[in-house]
Amino acid sequence: MIEYRNVSKNYGERQIVKNLNFTIEDGQFAVLIGPSGCGKTTTLKMLNRLIQSDGGEILLDGKNVNEINAEQLRQHIGYVIQQIGLFPNMTVEQNITVVPRLLKWDKARCAERVRELLALVDMDYDTYAKKYPNELSGGQQQRIGVLRALAAEPPVILMDEPFGALDPITRDSLQDEVKSLQKRLKKTIIFVTHDMNEAIKMADVILFMSDGELLQQASPEEMLRAPANDIVREFMGKHVAQGVSGQDNIPCGEIMRKNVAKVSSSWRTLECVQMMSSREIDSLVVVDENDRYLGVVTIEGIKAHGKPGMEVTKLLETTVPTVYTDTLAKEAFGTLDSTRARYLIVLDKNERPVGIITRTSMSKALAYMVWGGDAV
Amino acid sequence: MTHFFETYGLMLGKAILVHLAYVLTSVAAATVVALVLGVLLSRVPAIARWMMPVISISQTIPGIVFIGILYLYLGMEPITAFTALAIYAVFPILKNTYAGLLGVEEKYKEAARGCGMSPRQILFKIELPLAMPTIFAGIRMSTVYTVSWAVLTAMIGLGGLGEFVYRGVSTNNSTLTITGAIPAAIMAIALGALVDWIQKKITPRGLQEVKS
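Residue numbers (my numbering), protein chains in the order written: chain A, 1 to 376; chain B, 1001 to 1212.
Read the hints as simulated data drawn from the structure, not as lab findings. Just so you know, not all the hints are guaranteed correct.
[To be verified] Among the chain A residues that face chain B by a calculated CB cut under 10 Å, a handful are:
1) 50
2) 85
3) 132
4) 134
5) 145
6) 152
7) 320
8) 328
[Said to hold, decoys possible] Calculated cross-link-like contacts (lysine-lysine; reagent style BS3-like; alpha-carbon spacing at most 25 Å):
9) A:364 / A:183
10) A:349 / A:330
11) A:130 / B:1201
12) B:1014 / A:130
13) A:349 / A:258
14) B:1107 / A:130
15) B:1201 / A:131
Note that the Cβ used here is the ideal one computed from N, Cα and C, for glycine as well.
Take the sequences, apply the hints, and build the full model.
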């Protein structure tokens, strides 16, 4: 557990961090966010004492960090910086084992640890261990940067805008990797960023700072729903606004999945089972000779009541809710929610089924509406 | 030509060895001194800020003047030549060591601190290795310069290839002058290549394209 109690930091007259109080639980992914110059990086670096706090106390598992030898403290807290900072005179393997070697691990244990860690990020030991940083791409370098922080199995890892220098695609995949590593390895991570998308994606808890003060500590969900004040609201501007006004008029036609598995009403049970198994689905949409919607047939229905050779019209279920392509996604969401259906059938003006909306496609669409980007 | 080598052959061989000895000992000593001084200066930027210009200026004192002054104090001993050459050889290495250490990017030092390295570990594991290419450039420069400066030692009668050069100049014997000059030039090139070779041997692959 990490506790900041009345922590402050001054540079001359300027108070960079003002009486900061917060607690981060073990295993939490905490994101420090705020406009540049808000003191978030200072706050982070006071924990591993790269910056010395001026007042208050910072407790790591109940111990005041200022009473721990700075070098030992840092050997037990992982640290990832924006500029990556892999040592160019060392190979990937040497870079990863910097801290283990400082801790005097023996060679065999170091070597084994490198293999373990490279496997975590799907990098082949034989291909990469002996390479130098300048032989790797930016994304690979920062993966190694993250592994270096993980190497000595510290319970806490600090990340100072670790993906800021990466291209968007690499950043996106590294975010996913780090988030899943954090969950799997149950690390406490404090992560500094000024990118709200990143914060929302990664955080269990967001700490919003402005001008050296903590304005709000909340889950991403709660911060989006109830920003503490105008500064927070403004900073999250586009993320909040879109949900409320910008894009809530998306029609179902835009969020549905288009490849509907349709069968004609003249089909028989065995043909249907065959089609379901080849497409790995559990229900089919049944249409009449004019391609108009009649209902669905499910594998459960066939199992319970069907006999080989029976026409599917006899097994038709018509309880699945239907919407039209121009129905608002918002309404469709309501339908989906209130009927507890697994999906909706989307029909065009002529009652022809043209798509379905599943719970997954709905949540993707929602994410898109709330957070923007290319979620669909 | 045969006659020339019969007369001067032995003397030339000896001169080359003396010359080489001056260069190697003085550059070796200078490297040690310069590394220590360079590291110390890089730790105290406040002092370095006025020390480095002073050092740069003193480097412009002509070698002849300096050797002359030392001669007055130390007499006509090899130590005079060695001391003078070593002091001159310190400058380029010191400057480059200092510049090299200062040129180590902050991100590497911060990463090293963040990993829990002590200042000493940061110096030996990160800063010096990263400054190595620059330091070697200084050693190379010193070596090449020292070969030519060592010619001056003959001026105070301490031998080396300078003897041929001075004798040739004073007796208007260009053959003699060239006999001193050409081995000196070859020695400069060869030693420069030797330093490059050592540098290539000890620089990890990861640093090789960075600087020459």
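Less than 10 Å between beta-carbons is the criterion; does residue 50 of chain A satisfy it with respect to chain B?
Residue 50 of chain A check passes; min Cβ-Cβ to chain B is 6 Å, inside 10 Å.
Is residue 130 of chain A within 25 Å of residue 1201 of chain B, Cα to Cα?
Given that 25 Å is the threshold and the Cα spacing comes to 17 Å, the pair holds.
Given a cut of 10 Å on the nearest C-beta pair, is the interface hint for residue 320 of chain A held or broken against chain B?
violated (56 Å)
Holds or violated: are the alpha carbons of residue 1201 of chain B and residue 131 of chain A at most 25 Å from each other?
holds (17 Å)
Interface hint for residue 85 of chain A, Cβ within 10 Å of any Cβ on chain B
Hint holds; residue 85 of chain A Cβ to chain B Cβ min 3 Å, cut 10 Å.
Closest C-beta approach of residue 152 of chain A to chain B relative to 10 Å, hint status:
Interface hint status for residue 152 of chain A: holds (9 Å vs cutoff 10 Å).
Does residue 130 of chain A lie within 25 Å of residue 1107 of chain B when you go C-alpha to C-alpha?
Given pair residue 1107 of chain B, residue 130 of chain A holds - Cα atoms ~22 Å apart, limit 25 Å.
Hinted pair residue 1014 of chain B and residue 130 of chain A, Cα distance within 25 Å:
violated (48 Å)
With chain B as the partner, please determine if residue 134 of chain A meets the hint condition of a C-beta pair closer than 10 Å.
holds (6 Å)
Would the pair residue 349 of chain A and residue 330 of chain A pass a check requiring their Cα atoms to be no farther apart than 25 Å?
Satisfied, since the Cα-Cα distance of roughly 19 Å is no more than 25 Å.
Satisfaction of hint between residue 183 of chain A and residue 364 of chain A, Cα-Cα up to 25 Å
Distance ~22 Å between residue 364 of chain A and residue 183 of chain A Cα, so the pair holds.
Verify the interface restraint on residue 145 of chain A: the C-beta must sit less than 10 Å from at least one C-beta of chain B.
holds (8 Å)
Checked against the numbered hints listed earlier, the structure breaks hints 7, 8, 12; every other hint is satisfied.
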